[in-house]
Amino acid sequence: MPKRRTMLFVPGNNPGMLISAPILGADCVIFDLEDAVAQNEKDAACILVGNALNNLNFGSVEAVVRINGLDTPFWRSDIAAIVSKNLSTVLVPKCDSPELVCELAAALAEEEDNKGLESGSISIMSIVESAIAVENCFQIAKSHPRMSGLLLGAEDLTADLCATRTLSGEEIAYARGRVVVAARAAGIDAIDTPFTNVDNHEGLRTDAALGKQMGFSGKALISPAHVRIVRAIFSPSSSEIDWATKIMAATEQAKIDGKGAFSVDGAMVDGPIIKRAQRILTVAEA
Amino acid sequence: MKNRILASLRDAIQAAGLKDGMTVSFHHHLRNGDFVLDMVMREIAALGIKDIRVSASSIFNAHKILVDLAKEEVVTAIDTNYMSGAVPEAISKGLLSKPVMFRSHGGRPRAIEEGSLKIDVAFIAAPTVDRFGNVSGAYGPSACGTLGYPQADAEFADKVVVVTDNIVDYGLEKIAISQANIDFIVKVDRIGDPKGIVSGTTQMTRDPVALRIAEYAAKTIEAAGLLNEGFNFQTGAGGASLATAAFVRERMKEKKLQGGYLLGGVTGYFVNMLEEGTFRDIYDVQCFDLPAIASLARNAHHHEITASQYANPNKKSCFVNGLDAVLLGATEIDENFNVNVHTNSNNVIIGGSGGHADAAFGANLTIIVAPLLRARLPIVVEKVGVVSTPGDTVDVLVTEYGVTPNPRRPELIQQCREEGLPVIPMEELRKMAITMAGEPLVKPAGTRVIADVEYRDGRIIDQITI
Numbered sequence: 001m002p003k004r005r006t007m008l009f010v011p012g013n014n015p016g017m018l019i020s021a022p023i024l025g026a027d028c029v030i031f032d033l034e035d036a037v038a039q040n041e042k043d044a045a046c047i048l049v050g051n052a053l054n055n056l057n058f059g060s061v062e063a064v065v066r067i068n069g070l071d072t073p074f075w076r077s078d079i080a081a082i083v084s085k086n087l088s089t090v091l092v093p094k095c096d097s098p099e100l101v102c103e104l105a106a107a108l109a110e111e112e113d114n115k116g117l118e119s120g121s122i123s124i125m126s127i128v129e130s131a132i133a134v135e136n137c138f139q140i141a142k143s144h145p146r147m148s149g150l151l152l153g154a155e156d157l158t159a160d161l162c163a164t165r166t167l168s169g170e171e172i173a174y175a176r177g178r179v180v181v182a183a184r185a186a187g188i189d190a191i192d193t194p195f196t197n198v199d200n201h202e203g204l205r206t207d208a209a210l211g212k213q214m215g216f217s218g219k220a221l222i223s224p225a226h227v228r229i230v231r232a233i234f235s236p237s238s239s240e241i242d243w244a245t246k247i248m249a250a251t252e253q254a255k256i257d258g259k260g261a262f263s264v265d266g267a268m269v270d271g272p273i274i275k276r277a278q279r280i281l282t283v284a285e286a
Numbered sequence: 001m002k003n004r005i006l007a008s009l010r011d012a013i014q015a016a017g018l019k020d021g022m023t024v025s026f027h028h029h030l031r032n033g034d035f036v037l038d039m040v041m042r043e044i045a046a047l048g049i050k051d052i053r054v055s056a057s058s059i060f061n062a063h064k065i066l067v068d069l070a071k072e073e074v075v076t077a078i079d080t081n082y083m084s085g086a087v088p089e090a091i092s093k094g095l096l097s098k099p100v101m102f103r104s105h106g107g108r109p110r111a112i113e114e115g116s117l118k119i120d121v122a123f124i125a126a127p128t129v130d131r132f133g134n135v136s137g138a139y140g141p142s143a144c145g146t147l148g149y150p151q152a153d154a155e156f157a158d159k160v161v162v163v164t165d166n167i168v169d170y171g172l173e174k175i176a177i178s179q180a181n182i183d184f185i186v187k188v189d190r191i192g193d194p195k196g197i198v199s200g201t202t203q204m205t206r207d208p209v210a211l212r213i214a215e216y217a218a219k220t221i222e223a224a225g226l227l228n229e230g231f232n233f234q235t236g237a238g239g240a241s242l243a244t245a246a247f248v249r250e251r252m253k254e255k256k257l258q259g260g261y262l263l264g265g266v267t268g269y270f271v272n273m274l275e276e277g278t279f280r281d282i283y284d285v286q287c288f289d290l291p292a293i294a295s296l297a298r299n300a301h302h303h304e305i306t307a308s309q310y311a312n313p314n315k316k317s318c319f320v321n322g323l324d325a326v327l328l329g330a331t332e333i334d335e336n337f338n339v340n341v342h343t344n345s346n347n348v349i350i351g352g353s354g355g356h357a358d359a360a361f362g363a364n365l366t367i368i369v370a371p372l373l374r375a376r377l378p379i380v381v382e383k384v385g386v387v388s389t390p391g392d393t394v395d396v397l398v399t400e401y402g403v404t405p406n407p408r409r410p411e412l413i414q415q416c417r418e419e420g421l422p423v424i425p426m427e428e429l430r431k432m433a434i435t436m437a438g439e440p441l442v443k444p445a446g447t448r449v450i451a452d453v454e455y456r457d458g459r460i461i462d463q464i465t466i
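In order, the protein sequence lines correspond to chains R and Y. Those letters in the first sequence? Residues 1 to 286, by the numbering used here. Those letters in the second sequence? Residues 1 to 466, by the numbering used here.
No wet-lab data here; the hints were simulated from the structure. Small disclaimer: the values here were computed from a predicted structure and weren't measured. One or more of the hints may lead you astray.
[Unchecked claim] Using C-beta positions, here's what the derived DEER-type ranges look like:
| # | chain 1 | residue 1 | chain 2 | residue 2 | range |
| --- | --- | --- | --- | --- | --- |
| 1 | Y | Q463 | R | G116 | 34 to 44 angstroms |
| 2 | Y | E419 | R | R184 | 56 to 66 angstroms |
| 3 | R | R76 | Y | E254 | 47 to 57 angstroms |
| 4 | Y | L257 | R | G258 | 51 to 61 angstroms |
| 5 | Y | L257 | R | A109 | 52 to 62 angstroms |
| 6 | Y | E428 | R | Q213 | 35 to 45 angstroms |
| 7 | Y | P440 | R | Q139 | 52 to 62 angstroms |
| 8 | Y | K431 | R | G116 | 23 to 33 angstroms |
Yeah, the Cβ is synthetic: ideal placement off N, Cα and C, and Gly gets one too.
Turn these sequences into a full structure, and let the hints steer you where they fit.
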């Protein structure tokens with residue numbers, strides 16, 4: 001499972017930023033063909049992002065593209081341009097229902113076939129950014145085997161809710177909780193909404209720490225300057241790593257000894273604990 | 001002569017005995033705000049003097065009069081450490097029949113002191129001078145801070161003319177150049193435009209690529225085991241260099257270390273590090289901004305040094321030799337780590353060594369910081385157009401993709417790996433650049449030499465041809 005502590009949005013129509021995207025320290029880059037790109041630049045961005053995917057070396061960085069919404073005339077040509085072996089995930093905006101995920105999945109299957117790629121190699125993440133999407137988010141999360149994550153989009157959601165967007169974020173508390181629960185229940189990633197004030201690093205720290213505390217796997221980012229701060233918050237601390245290492249060592253020993261149940265430091269260890277320890281160590285390897 | 005204050009530049013030029021075929025010199029502390037070179041050269045031309053060699057420690061666009069004077073054969077040769085703007089552009093098209101002599105900041109005073117660069121008349125722009133001829137850059141309406149470059153000119157030129165817009169009686173606290181070497185003083189309305197002399201403050205970059213390079217560069221210094229008590233450091237005022245200083249500063253605070261000295265061209269950022277105690281001293285050969293000038297005037301640990309003290313290879317000691325690490329730029333770097341800072345990919349002169357080759361030679365760890373691509377051009381090439389700094393004095397290249405240590409430092413490769421830095425061999429880095437940008441066409445070398453590149457020790461190590 002890919003690590004998604006930091007998912008950095010990069011405008012799809014800016015060649016300079018596209019070319020540097022893989023080296024900015026984020027676990028994932030999201031090439032944006034939707035909101036960051038003006039209507040009259042949609043085709044140019046589509047070509048640029050297609051070329052970036054085909055020519056850049058992403059190393060261990062996950063390449064994601066936010067396509068245009070399925071209610072626009074652009075999304076099918078987006079798919080045709082971006083499906084390639086370097087593309088890991090398509091991020092679909094304004095995705096309110098499981099049916100939309102299935103429609104996208106069918107288009108991806110067709111394009112994978114056209115390009116001779118393994119069927120199902122490209123995953124889908126959907127953005128939860130409307131009241132109806134919040135209510136449907138578990139159905140969306142488990143709608144298709146390609147689904148690998150839900151990303152909360154608080155700006156559009158707040159508008160849809162007729163709520164006021166605040167720094168402390170009480171207005172999105174329910175949506176945050178709902179997205180985390182739905183994603184975890186479906187066994188996929190939950191990604192927290194971006195913090196939109198580029199220069200307020202203290203506010204970013206508080207906001208990211210809240211997301212981590214609530215169970216998000218990572219956070220979407222709109223500025224490269226946010227990567228270092230958010231990566232540190234979503235990375236396991238040294239005491240967490242020590243704990244997880246101990247749990248995994250005890251698990252191995254219990255297997256050898258043929259024990260079903262065992263304890264570490266006086267606490268019972270069972271499936272969920274082992275799973276948590278595994279997750280900590282996976283993220284820590286980054 | 002009891003009264004050395006003359007009425008005009010013309011009087012001074014005549015009193016100094018300037019004749020056809022002689023060499024005049026200037027310093028570049030007033031940078032692109034300098035009026036003095038322009039006004040002196042106009043006066044020389046007006047006097048009908050021809051065939052002059054101009055030795056200026058650097059040349060900026062403010063000195064574009066040299067193009068016209070070269071066409072009129074008033075100026076027939078140029079000797080400098082760095083050039084930018086209209087003058088090198090014209091020289092790159094064949095303006096001068098004699099090749100330009102490019103030196104380094106340490107090499108120039110060496111050449112003057114050993115006699116291989118003989119200066120007949122030195123014209124020294126002076127922000128303040130007392131009536132005895134003592135010169136200071138720290139005060140006055142055109143203050144520029146230190147006056148590190150013209151010291152050798154003052155000592156070794158046959159005649160020395162101070163050009164100033166601020167004469168005081170006496171009592172200067174900071175004296176850069178002694179009255180003992182001054183022949184004449186001329187007062188003019190303005191020696192320069194403060195806006196071109198220094199910037200207000202130097203801003204920290206927000207460019208994510210520069211910040212990435214800086215993060216890797218700072219980690220490289222730490223990986224090399226150099227970030228210890230008494231760490232001596234030089235870095236420029238450019239984006240990635242200054243940002244590296246910020247990362248280094250953060251680590252030094254975390255580790256509760258105090259560095260030794262900061263060296264080179266000085267910015268307000270250096271001053272902050274001095275005042276908060278992150279470093280103990282600044283040795284300053286040139287001030288880049290107003291906070292640096294103000295600090296020089298008030299802080300006893302902010303020391304003014306000459307170019308000779310900074311980097312003269314013939315001296316028994318110079319400050320570059322004590323550097324633990326230096327950060328330097330490059331227009332190109334090649335597979336042998338040779339660095340070009342003189343020309344761009346079209347073979348047009350856009351710079352010069354300045355202190356590049358000097359600091360690279362002196363520092364324990366010479367780090368070249370550069371993005372892998374500039375616009376659409378790779379900075380890593382098979383062979384640089386001009387060797388400004390030889391590859392055997394360069395230890396590591398840091399780009400946004402990782403670190404590329406010079407194979408002659410195998411322990412550094414190991415140390416960087418242990419620190420978790422992405423280590424990319426030079427051949428691989430070049431392949432990456434070509435994959436992204438394609439192999440650029442190389443402009444073939446010409447047959448006409450337009451400049452000689454002198455290494456700091458006096459050897460000619462390369463030539464620029466068209």
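Notebook entry, point to check: Which hints, by number, does the structure contradict?
Noted result: Violated: hints 1 and 2.
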